[in-house]
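Use the sequences and the hints to build the structure in full.
Residue numbers (numbering that gives the first Met the number 0), protein chains in the order written: chain A, 0 to 282; chain B, 0 to 385; chain C, 0 to 271.
Hints are computed from structural coordinates only; laboratory data are not their basis. Here the structure is a predicted model, which is why all the values come from computation and not from measurement. Among these hints, one or two may not hold up.
Among the chain B residues that face chain C by a calculated CB cut under 7 Å, a handful are [unchecked claim]:
no.: 1; residue: 88
no.: 2; residue: 90
no.: 3; residue: 110
no.: 4; residue: 320
no.: 5; residue: 324
no.: 6; residue: 342
Even for Gly, the Cβ is constructed at its ideal location relative to N, Cα and C.
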Amino acid sequence: MTQRTRNWLLLAPAGTWFLVMLIIPLSVVLIFSFGERAPAGGVVPAFTFEQYANLPARWTAFKNTMTLAPIGTLSALLIAYPLAYFLAVKVDPKWRTILLVLVIVPFWTSILIRSYAWIFLLGGRGIPALLEWFGIEGVRLINTPFAVLIGIIYGYLPLMVFPIYVSLDKLDKRLLEASSDLGAKPWRTFLQITLPLSIPGIATGCMLVFILLMGEYLIPAMLGGGKVFFVGNALVDLFLQSRNWAYGSAVAVTLVVVMLITVTIYMRLINRLGANRDDVSIM
Amino acid sequence: MTKDSDYISKRKFMEELGRYRKGSITRRHFLNVTGLGAATAVMGAAMPGLRPSPAFAGGNIGDRVVIATWPNYHDPSNFEAFTEATGAHVQVNVFGSNEEMLAKLQAGASGWDVYVPTNYTISTYVDEGLIEPLDTSKLSNYDASAFDARYAEAGSVDGTLYAVPKNWGSTGMAVNTAHNGGKPISSWKEFFDISRDKFSGRAMVHDYQLTTIGSALNYFGYSFNSVDEAELADAEKLLIDVKPHLFAITSDYQPSMRNGDAWLTICWSGDGKQLNTDMPEIHYVLGAEGGEIWSDYYAIPKNAPHKDAAYALINFLMDPTVNTKEVLAHGYPTADARTFALLPDDLKNDPILFPAQELLSPLEFGAAATLTDPNRAELMARFKSA
Amino acid sequence: MRLYAVCVYLFLYIPIGVIALFSFNAGRHASQLQGFSTKWYGKVLSNPFVMDALETSLMVAFTSALLASVFGTMAAVALQGIKGPLRTAFDLLIYVAVMIPGIVIGIATLIGLVTVFDQLNPLMAAIWPDGFVAPKLHMGMGSLIGAHTMFLMALVVIIVRARLAGMDRALTEASSDLYATPMGTFWQVTLPLIFPAILAGFLLSFTFSFDDFIIAFFVAGSETTLPIYVFASIRRGVTPEINAIGTMVLVVSLMALITAQLLLQRGGKKAK
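As structure tokens, this is what we get:
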């Protein structure tokens, strides 16, 4: 068996799988996006750009997603970074494993159940009732974009903590000591050594969370009361309520294209940042 | 499976075991046929709920039945009684709209045995070939003559019976009067006006185009069923204007009304009754301009996996004594004269269940075209994404 | 710093605590505590729908994770030695598979397969020999495993490839210099080295598949996985049964983790 045949054989199952479960379905979506809605739902084959011309009708859904996804990613980063730093640099190694595991454990209860807990916590009998007890009245949390943001941060925090932890953990602690021995203030050490070295972790974490948020459906559906509408929610409605497969396909295609563009630009930027860092370290 | 499954020869046992190992029969079948199910059951008797399936008069109907229905629409103890009597557990899938039920059935196997469509959807299900004609010989508790024709006629299409009536009701509004100086409100005009004013952030509309758009149409005095473009445009303007003031867009509005987060909602009469019973300050009212009157039915989807169990469940729920318990729990009137006779007098005269005729007369039955109209569906989506 | 960490852990665990607390609620409404009871646990364990959903979820997660690990590893190994358009095509497919939101995978699989099945089913019925019932393709466990395996496979390729890239080339070269067959090199040198990555890929895949709601929501047909069951129950107005399910899944995974940790530690000590 030649090397070439062997490689072909090794690739065959994965290739077939991608063909049947990825290429064909995506092609059908692409074809349908140029079709028309059938009277009782479903799709009539056609070649029209009508569905794409109608995209502005879902502008708000795209706007919400494109605002809350970056805000959610950034908030998760801001909360996760200090924790990851604490776990990688500050904490007694004896406790490290157990503390790390404790970060993932909530991840094992279904996101549905975890979000459900927040419905109670953010509802009238949860945190608002507690605030009222302290004399702060009239606070409404549930069914607001803020509630959705809390749900997002809560749901995806571990995905952000881990990559950052890994990159900080690799960091040579002697560098930090050297820096402080040379009289650098702690935050200067952080800005000039720790932060640049943890950029790969930040990049990975942000990308993971961002990708998941762009297709989010559950958290806005559960904590937004039907009022905070993501592209994911628009898609579910189009396929499960109005049964408009043609328009739904066009929205799906647009979402994928927007994502591919955003993520590709993002990766370029990160690579450039990475390259700069290398220059610095060479100097 | 036959009744003599209690007796099984050694050879038969080995055969069945072989089939089970090869995977040609399920574990459940194997346990039933070999009697090991009974043994398991004895062991399980120590734990409540693990009891064996008692024999059911109608023969063995399997151990499960799946019903797709609406929120707060049954007495859970009736399902427990059904399980007790037949051994079949009832899984309840709850839906927020008829569109969603239709979409699930259209997309192929739903796994449901019984579902609860509303009057205006049945002809669409028949057109799409998604609904099974009913065999009344398997529904001994169904007596066509006991039903008020107004609430039963949509179950038959071209002379074939596809669905039997469950309950009827109206779509009005529930208002927590404690926040309105003890006063209820009385029209859809008031509903949408107060939502943007004193009740800002406290009102809810359904996640369901038929009732939400219908109520907005009523605000202008248009028909609940209108598909007229200009009228729909007015309704859309109103809805989009109200949206920032809404607490939620949801068809499961009881929890928020109960815990005080919301004060006003579009409401089905039974939910109104349930809320009013537990919290008398919540009133259920019909809009003066009109609104919806509807009738729900029990039906069996074409590809129902457990048809025997489906018939058994429908038949069980149509039993007047069982149905009386249902009505007492969910507060929707029944079109069944036999059940009506069993209701306590205060319910027979209840203004929420049986409103005065002059209040009922402006109400309209939903139309099939209202459900399938693509413009209404799109309007709802624009409203939700606005 | 420590205070901050405590706050984050509180943020992570208060909702979990609320879930666990309400699982012992005697009342049926999920928002008011009405005394202590363990009855919901009994109800969960005796509810055939929960048990079936769990069985389906485990089955789907295990099969998808296994298929994804095997096929993904095979592809990763092959891609290591390939350049040119084939490599580019695969890289692109993997990129797209990982990048596409779950909801789009769900929708695309649903309408793609339904359309293909609609074409194939009459065709199969026509060519099938008389007297036999032609099989009918429909959405169900097969389509669910198919969709999960697809995107998990991409994940495994990425993980395993990272490990392969970090591997010392000298080892495989030494092996072939010593006249080992390529197969021999793979089994004796490469596989043991990349095994941790495959295992990690498997475990990650299992978790993703077990917890997935949105893909299953569209492609599972009449099958009910645990997340689908939970979603339906939440809309019905939750009883503490859901809390009991969540608490049990959590406790079981914790126990599995502790066991694995203990086994690993013991194995480690023996090795020393």
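Next item on the list: Give me the numbers of the hints this structure contradicts, sorted from smallest to largest.
Entry: 4, 5 and 6
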